[in-house]
Amino acid sequence: AEEKIFTYRDEQKILTEFWTYIEQGQFEKIIGFNSNSFDAPMIVIRSIKHGVKVNPHFKTKHLDLRNIIFWGQSQKKGTLADFQEMLGIEFPYSGYRKMHMSVLWEPLHLKKLRDYLLRDVNVTWCLFKQINEAGLI
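Each residue of the sequence shown is one higher than the last, beginning at 1 in this note's numbering.
Don't read these hints as lab results, they were simulated from the structure.
For glycine and all other residues, C-beta sits at the position ideal for the given N, C-alpha and C.
Hints are not guaranteed to be accurate.
[Unchecked claim] Mimicking DSS-like on lysine-lysine, the simulated pairs with C-alpha atoms at most 30 Å apart in a straight line are: (1) Lys-112 x Lys-49; (2) Lys-59 x Lys-77; (3) Lys-59 x Lys-76; (4) Lys-59 x Lys-49; (5) Lys-61 x Lys-77; (6) Lys-49 x Lys-13; (7) Lys-111 x Lys-13; (8) Lys-49 x Lys-4; (9) Lys-29 x Lys-59; (10) Lys-13 x Lys-29.
[Claimed, not checked] Using C-beta positions, here's what the derived DEER-type ranges look like: (11) Ile-137 x Met-86: 15 to 25 Å; (12) Val-121 x Gly-25: 11 to 21 Å; (13) Met-86 x Lys-53: 38 to 48 Å.
Take the sequences, apply the hints, and build the full model.
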């Protein structure tokens, strides 16, 4: 698994670098949790807003673990934290919630923001490995 982080104050620059990274395609899949409902549409919408070209291969390289677990039924309840607890995936709680993102974005707290977000990435990666071992991927 590879870690790639884009952190600039300029959203257009972040999106341009993200899509350039996708274009280079040095990976098989982009894995997320609930990313069909939030992350992927948000990235596409913000790209359209800023006039940044969207890579058409994103849709085929993107994999939403929540979608796999619930067989495409998006109305089912279950957060990443719920599955983390159920499956015994242990990563320490940072003390932050999504509502703290704007505070953590300040330059003094960027390391805390990175750590907070990487925790979700690590939990998602562990969940991916367990779903893969179960034969669903």
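Q) Can you list which hints this structure breaks, lowest number first? A) Violated hints: none; all satisfied.
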